[in-house]
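Q: Make the full structure from the sequences, and use the hints.
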Amino acid sequence: MGKDNVPFHTVMFPSTLLGTGENWTLMKTISVTEYLNYEAGKFSKSKGVGVFGNDAKETKIPTEVWRYYLLTNRPEVSDTLFTWADLQAKLNGELLNNLGNFINRVLSFIAKPSGSGYGSVIPDAPHAESHQLTKTLAGTVCKLVDQYLDAMEKVKLKQGLKVAMSISSEGNAYLQDSQFWKLYKEDPSSCSIVMKTSVGLVYLLATLLHPFMPSFTIEVLKQLNLSSETHLSFCDEKGDTEKSKKPWDFLPSGHKIGKPEPLFQEMKDEDVEHYRMKFAGSQADRIEKAATEKAAEQLKNTKISGNTKKQKAKPAGDAKPKTTESEISISRLDIRVGLIKTVQKHPNADSLYVEEIDVGEESTRTVVSGLVKYVPIEEMQNRRVCVLCNLKPATMRGIKSHAMVLAASNDDHTKVELVDPPATAKVGERVTFPGCPGERMIY
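When the letters of the sequence shown are read in order and numbered with UniProt numbering, they come out as residues 1 to 443.
Since the hints were derived computationally from the structure, they do not count as laboratory data.
Think about it this way: if two alpha-carbon atoms lie no more than 27 Å apart in a straight line, the pair counts; the simulated BS3-like pairs of lysine-lysine are:
#1 Lys60 to Lys278
#2 Lys245 to Lys182
#3 Lys156 to Lys143
#4 Lys162 to Lys3
#5 Lys373 to Lys400
#6 Lys278 to Lys57
#7 Lys143 to Lys245
#8 Lys135 to Lys243
#9 Lys278 to Lys345
#10 Lys268 to Lys57
#11 Lys341 to Lys426
#12 Lys162 to Lys60
#13 Lys245 to Lys156
#14 Lys158 to Lys28
If you anchor each label on the Cβ, the simulated ranges turn out as follows:
#15 Thr432 to Leu81: 55 to 61 Å
#16 Asp86 to Gly258: 32 to 38 Å
#17 Glu186 to Ser233: 31 to 37 Å
#18 Lys278 to Val372: 16 to 22 Å
#19 Thr10 to Leu70: 22 to 28 Å
#20 Ser189 to Lys259: 24 to 30 Å
#21 Lys278 to Ala173: 36 to 42 Å
#22 Gly115 to Lys57: 43 to 49 Å
#23 Gly258 to Asp150: 32 to 38 Å
#24 Asp350 to Thr432: 34 to 40 Å
#25 Ser169 to Gln344: 58 to 64 Å
#26 Leu71 to Gly254: 32 to 38 Å
#27 Asp150 to Asp86: 24 to 30 Å
#28 Asp86 to Gly19: 44 to 50 Å
Treat the numbers as computed from the prediction; the structure is a model and nothing was measured.
Even glycine gets a Cβ: it sits at the ideal position worked out from N, Cα and C.
A: Spelled out as structure tokens, the structure:
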């Protein structure tokens, strides 16, 4: 719950319940957060600033990455900041290089064929508790599990996640210190202890991280060749965590694991820049930009031809030749000289104008144009423009546009200018092209 909702939920609403005199179940604890800000500003639903559910889905960044980043960045004590660079750092440094690296090293080594690994079968590990390095690790892991439970019971989710990831770090250090790749040839029994203990840690991590990243846990269980319906537990029937002191016992000897696969993919610098640019500004601006780019792409792929007098021979029979939708004769465009009578900013979009334009008809036409960033409003008022009139009306941010004001831009769209009609042309007069007298087509 956001901190601004605390007074209502802790004072006003409970007081209302008490005032009824009825036996309501009252709140005992409450989990409150500060604010999560976005890049250089604040998240705002009303203004559409930030990254929201539909945006997150559009990025194709896996769900578990989003969940991990938002939870590890949870503003439990003070305001925190969402930045794409920080998301990249946590994905690459913590999920990929720490958690993913540990799990993949363990499972990939077990999956190697006999002679270089264990043929995907978890080895036996007798007397594991007497292996000093393993015994030290088990004591550390047990303490971390207790810390995890304490944090979760106090709804300190961020701390609980941090502690769980610490177990992954301990696992990586354990692998390095054991030098298991050497033990495999020099001390096979110790290597078996190390690998059975390590695969037990993989199971433990899948269990501890399940509340935070359920899809991650399902994938790990798949690679362990365990059902997604497996009851995950690191305690005994009485709820005692002593079981975590023996991580080598989490999975039985002889169990055959599944196929190891990388769990996370690296986010590159160019991806960060792409997302930062794509989700800059407000959602309204992004929607409009996407629509403009789509329209520009469609126009770019449209073939415009002159009004040629040569007619192709008709196909045999009475069949009519098919017309190509992407080919538009310029003679069919109803372009007229218009006069902008009034212009104002769109009430629901900062980058749109709403104009009333006289095109020589009984009444003016309402036209919505995305020109705010390029043409000052004072230069729009009472200006003569070229207007494409036979377009299908389109609703833009709640206002229907009945024509299009013609403009031209340079290649990178950094400069946009209105297309001026001939100086001697009258309002309402149709603009034609040499050799293309045109026939008016109404849509």
